[in-house]
Amino acid sequence: MSERNDRRLPGSGRLAMAVIAIALVAAGGGAYLWFRTAGAPQPVQVQQQETAPAAKPNEPFMATLYLPAEGKLGVAVVAVKREPDVQLQAREAITAVLAGDQGGKAAVLKELKLRALYLDAAGTVYLDLSPVTAGQKEVRASAQEELLAVYALVNTVTQNFPEVRQVRVLVDGREAQTLAGHIDLSRSFVKRMDLHCTTHERCSGIIVNPGASAFPVACRGVSERLE
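Per numbering that gives the first Met the number 0: the sequence shown = residues 0 to 226.
Note that these hints are calculated values from the structure, not bench results.
Among the hints, a few may not be true.
[As the list claims (entries may be wrong)] With a straight-line Cα cutoff of 30 Å, these simulated DSS-like cross-link-like pairs (lysine-lysine) come out:
| id | residue 1 | residue 2 |
| --- | --- | --- |
| 1 | K80 | K109 |
| 2 | K112 | K80 |
| 3 | K80 | K190 |
| 4 | K136 | K190 |
| 5 | K80 | K55 |
| 6 | K136 | K112 |
| 7 | K112 | K190 |
Take these sequences, add in the hints, and give me the full structure.
Take a look at the structure:
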């Protein structure tokens, strides 16, 4: 029988144990560092957004009114009562246009009053108007005066309130054909910025409330296709 050679080098067992111990320590330290790095929440950079300060309930709402003046629409910025929602705030703005306190009262507007204003979910405002004189069916005005009166109301609500996409005009709670016999009211109206005064065509006669300001904007004419 051959003799098996199973001799070991002196101290080889201790060396192997030392190598294993070092490897375990290194592995444990690496695992600890990995879990600490992976598990720790990383700092997140939050971009601060500038937000406009909320208006106080007792502060007035600065409404931009579009008012007929010298064959165009002039602009007056006036302070009106602040309301909690768009529908009520739009009613305040239209009431200010019809009040005529800014000196831009048109022949048509002075004969009308606001019965009600409704804003539906589709962004349509319904202006329910009524003649100041009971029983009056139509007001007396030229086509140009009626045109400017209608768009004074339309532009005021559409420019002040982005929620409003179009405007329908009613008379005494019902659809009406016209206010003064010229402009068809059976359709929806959207804003017309081309009716405004330019900086080179200042509209006189626009008087604003104390502390408010007035400024002119674009205008190219008052033509309207009558159907």
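Worksheet item: Between K136 and K112, does the CA-CA distance stay at or below 30 Å?
Response: holds, 13 Å
Worksheet item: Is the hinted pair K112 and K80 satisfied, with a Cα-Cα distance of at most 30 Å?
Response: Holds, at roughly 18 Å.
Discussion item. Tell me if the straight-line CA distance from K80 to K55 falls inside 30 Å.
Written reply: It holds: about 12 Å lies between the C-alpha atoms, which stays within 30 Å.
Worksheet item: Under the criterion that the straight-line Cα-Cα distance not exceed 30 Å, is the pair K80, K109 satisfied?
Response: The hint holds at about 21 Å.
Worksheet entry | Given hint K190 paired with K136 - CA-CA distance at most 30 Å | Measuring from Cα to Cα gives roughly 26 Å; hence the hint holds.
Worksheet item: Within 30 Å, alpha carbon to alpha carbon, are K112 and K190?
Response: Holds, at about 21 Å.
Fill in: Pair hint outcome, K80 versus K190 [Cα-Cα no greater than 30 Å]
This hinted pair holds, its Cα atoms lying about 24 Å apart.
Hint check: no violations occur; every hint is consistent with the structure.
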